[in-house]
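Undergrad: Given chain A, put chain Y in place with the hints provided.
First to last, the sequence lines map onto chains A and Y. Sequential numbering of the first sequence, starting at 1, is according to the working numbering. Sequential numbering of the second sequence, starting at 296, is according to the working numbering.
Worth double-checking, as some hints may not be accurate.
Each pair of labels, with its calculated beta carbon distance range [stated by the list, open to error]:
| # | chain 1 | residue 1 | chain 2 | residue 2 | range |
| --- | --- | --- | --- | --- | --- |
| 1 | A | PHE141 | Y | GLY549 | 39 to 47 angstroms |
| 2 | A | ALA124 | Y | LEU576 | 53 to 61 angstroms |
| 3 | Y | VAL405 | A | ARG283 | 40 to 48 angstroms |
| 4 | Y | ALA426 | A | GLN267 | 28 to 36 angstroms |
| 5 | A | ASN95 | Y | ARG375 | 22 to 30 angstroms |
| 6 | Y | PHE552 | A | PRO64 | 38 to 46 angstroms |
| 7 | Y | ARG422 | A | ALA59 | 45 to 53 angstroms |
| 8 | Y | PHE571 | A | LEU221 | 27 to 35 angstroms |
| 9 | A | CYS185 | Y | ASN398 | 52 to 60 angstroms |
| 10 | Y | ALA425 | A | GLN267 | 30 to 38 angstroms |
One side of the interface only, derived from the structure: several residues of chain A facing chain Y at Cβ under 7 angstroms [what the hints assert, rightly or not]:
| # | residue |
| --- | --- |
| 11 | GLY105 |
| 12 | GLU112 |
| 13 | GLY264 |
| 14 | LEU280 |
| 15 | VAL281 |
| 16 | PRO284 |
| 17 | LEU288 |
These are computed hints drawn from the structure, not numbers from a lab. Ideal Cβ positions, reconstructed from N, Cα and C, are used throughout, including at glycine.
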Amino acid sequence: MGIDFIDVAQAIIDGLLFGSTYALIGLGFTLIFGAMHKLNMAYAASAIAGAYVGLAAIALSGLPPVLAFFLGPVASGVIGLAVYITCFRYMPASNMLAPLMASIGALFFIDEIIIHATAGSPLAFPAVMDDVYFELGEYGFRGDLIFVLVTSLVAMLVLLYVLFGTRLGLATRAVSQQVVAAELCGIASHRTNATTFVLTGVLGGLAGCMAAAAVGVISPLLTVPITVKGLIVTVIGGLGSIPGAIIAGFAVGGFENLFLLVFGVNQRDIYVFLLLFVFLVFRPNGLLGKAIKRD
Amino acid sequence: MAFYFGLLQTIGIHTLLGLSAYVLLLTGQLSLAQVGFFAIGAYVSGILTVIFEYHIVPGLFAGALAGGAFAFLVGFPALRVKGLMLVVATIAFSEIVRLFFFNLNWRVMVNGVEVGPDSTQGFREIRFYAANGWDTFDVVLFIWLFVIVVMAMLWWLDRVRAGATLRAVGADELAAQSSGVNIVAVKVTAMTVGGVIAGLAGGLYAHSATYVDHLTFSVLLATFAVAYPILGGLSSVFGTLIAVIFVQGILIEGMRFLGDWRNILFGLLIIVAMNFRPSGLLDGNVLSRIRRMIGHGKPDGGGRHA
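So here's chain A without its partners, still in its complex pose:
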C-alpha cells in the first residue's frame, strides 16, 4: 500500500487537532498529581460523566446543543469535588495506595451509573461546525476539530491565567510545592486541593465534551482509553509540568493518527505504548519534567 506524503501530513494535522483533548486530560492528571502527589484514576470517568450530564440536560430541557459544552464542564467540576471528598479528603496523607484504590472504585461507580442510565448503548453527541471544512492548498481542516482546538486553547490560556495570575493559583502552586509551609502561611490546603479538583474537573469535562463531539458518539467505553492516553501524556510531558502536558498531548494525538494510517486500527495503540517505553528508557523524566527528587 502506498502512502503519499499528503496522506501522512493530513493524518498528522487531524491527530494534532484531536490531540488537544489529550492535552486537556493530561493537564488535569498533572495538576492533581502536582498538588497532592496522588493519582486520581476517576478523572477521565468524571470527564465523560460530565459530558453525559451536559447531553442529558440539553436533551431534557430543549436548550441549544452548544450549551452542552458549558453544562458538561460544570457537572464535571461538581463530580470532581465529590471524588475529592470521597476518595482523597479523609485518607491518611502518607498512604498512596488507599486513595488510588478508592478512585478506581469511583471509576467503576461512575462508569456503572452511566451504563445503568443509558442501558449501555452509545449516544450521539452534537458536533459543532461539523458542516464546515477549510481547505488550505491540498490540506483540509475539519471544522469540528478546529472548534475542538480553539476551545481547548482558550481553556488552557484561562487555566494558565488562573494558575499564574490569581491568588487562588498562587495558593495552589504553594500547596503543590510544600504543604506544611503553605499551611504555615495561612493557606487552607484541603480547600485549595478541593479547588484544584473542581478546576481540573471543569477542564476534564470540556475535554470529555470535545472528545465526544469529535468522535460523534459518547459511550462509557471511552473512559478507559482516555484514562490511559491521559496518563501517557502526563508521563511523556514530564510529571507536574504544565507546558510538557500540553506539548505531549498534541504529540500523542499526532503520532496516534500517524500510527493509525501506517499500521491500521488493530496495531495503532501498540506503537503508542512503545513510544511511551522509548521515553521511559531514554528520558524517564519526560519532555519537560524536573529530575525526580526525594521529598
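TA: Frame of chain A; chain Y shown alone:
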C-alpha cells in the same frame, strides 16, 4: 454444586493473581503489569497443551517461566521509574501484550482439527481437563494445590530475611539502600517472582475457562489484581485471600440478585472500604488481635513484621 466448584476455581485463580501483585506491593511498587504476565502464562500454556499436546503440568510450568522471564525483562526499564510512572509503564506493557494476542493468528491442524489462537476470535480449544476426564472437583483440587503451595511459600517468606528485605525496601527505599540492600535487585526479583505467580495463574485460568481472548486481559483485570492485596491489606498473605473471597464471593456472586445495581454498589463499596480501612481489611492491628486470640501473641514474636 457445579456452581460452587466454579466459584472456588475463580477464587483460587484470582488469589494467585492477587498474590503476584502482593509480592511487588511489599516493595512499595504498584504494578498493573500482572495481567500481562497472566495473559502470557495463559497463551503459552494453552499453546503447549493444545498445539504441542503437552501434559498440563509442564505446560503450566512453561507458562509460569515465560511470565517470570517477561517480568524480569520488563523489570529493568520499568523499575527505573516509580510511583505514577511505574503505573503508566505497566499499564502500557499489559496493553501491548493484550494487543499482541489480539493480533496473533497461529492456526494449525492437530489430529485433524484446526486449533490455536485465532486473533480477534480468541483461542478456543483449550480442553485438556475434558479430554483427560478430569471433573470439576479434580480441577478445584488441582488449582487449590497451587494456591496453597504459593501461599505457604509467601507466608514462609515473611518469616525469613528475604521477606524483611522486601518490606524494608517498601517502607523506606533510601534507608534500605543505606543498610546495604541492593534495591534494584530486590525489586527486579520481586517483579520476577510476581511474574512467575501470575503466569501460573494465567495457565490455570486458560485451562479452566477453556477459552481465552484478548478482552479478558483488560486494564480492568489489572486493577483487580492490585485491588485484592490493597483491599485485603499487606500485613499478611491471608489479606489477599480474604479480599478475593469478599470481592468474588460476596460482591460479585453473592449480590447477583441485585442485577444491574450490583456493579454500582461494587465501586461504592470499594470507596467505603478504603475510607474506613485505608490499610486494608486485614491490617496490622486486626492481625495482632487474631494472633492474641489464638494464643500466638508471645512478646518475642519470632521476627514478624505485622
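Undergrad: For each hint, tell me whether it holds in the structure or not.
TA: Going through the hints against the structure:
Taking 39 to 47 angstroms as the suggested C-beta distance range, the pair PHE141(A) and GLY549(Y) does not conform, at roughly 55 angstroms. Taken as a hint, the range 53 to 61 angstroms is violated for the pair ALA124(A) and LEU576(Y), whose Cβ atoms sit roughly 43 angstroms apart. Checked against the given bound of 40 to 48 angstroms, the beta carbons of VAL405(Y) and ARG283(A), roughly 47 angstroms apart, stay inside it. Under the hint 28 to 36 angstroms, the C-beta atoms of ALA426(Y) and GLN267(A), about 34 angstroms apart, fit the expected range.
About 24 angstroms separates the C-beta atoms of ASN95(A) and ARG375(Y), a value consistent with the hinted range of 22 to 30 angstroms. For PHE552(Y) and PRO64(A), the Cβ-Cβ distance of about 44 angstroms falls inside the hinted range of 38 to 46 angstroms, so the restraint holds. Between ARG422(Y) and ALA59(A) the Cβ separation comes to about 49 angstroms, which falls inside the hinted range of 45 to 53 angstroms. Between PHE571(Y) and LEU221(A) the CB atoms are about 32 angstroms apart, so this pair conforms to the stated range of 27 to 35 angstroms.
A beta carbon spacing of about 55 angstroms between CYS185(A) and ASN398(Y) agrees with the range 52 to 60 angstroms that was offered as a hint. Separation of ALA425(Y) from GLN267(A) is about 34 angstroms and conforms to the stated range, judged on CB atoms against 30 to 38 angstroms. With 7 angstroms as the threshold, the beta carbon of GLY105(A) comes within range of chain Y, its nearest partner Cβ sitting at about 3 angstroms, so the hint holds. Here the hint on GLU112(A) is kept, as its CB sits about 4 angstroms from the closest CB of chain Y, short of 7 angstroms.
Because the closest C-beta pair between GLY264(A) and chain Y is about 10 angstroms apart, greater than 7 angstroms, the hint is violated. Interface hint at LEU280(A): satisfied, since its Cβ lies 5 angstroms from the closest Cβ of chain Y, which is below the 7 angstroms cut-off. The interface hint given for VAL281(A) holds, since its Cβ lies 5 angstroms from the closest Cβ of chain Y, which is under the 7 angstroms cut-off. Taking 7 angstroms as the C-beta contact cut-off toward chain Y, the hint placing PRO284(A) at the interface holds, the least distance being around 5 angstroms.
Against a cut-off of 7 angstroms between C-beta atoms, the interface hint on LEU288(A) is violated, since the closest Cβ of chain Y lies about 15 angstroms away.
The structure fails hints 1, 2, 13 and 17 (numbered hints given earlier, in ascending order).
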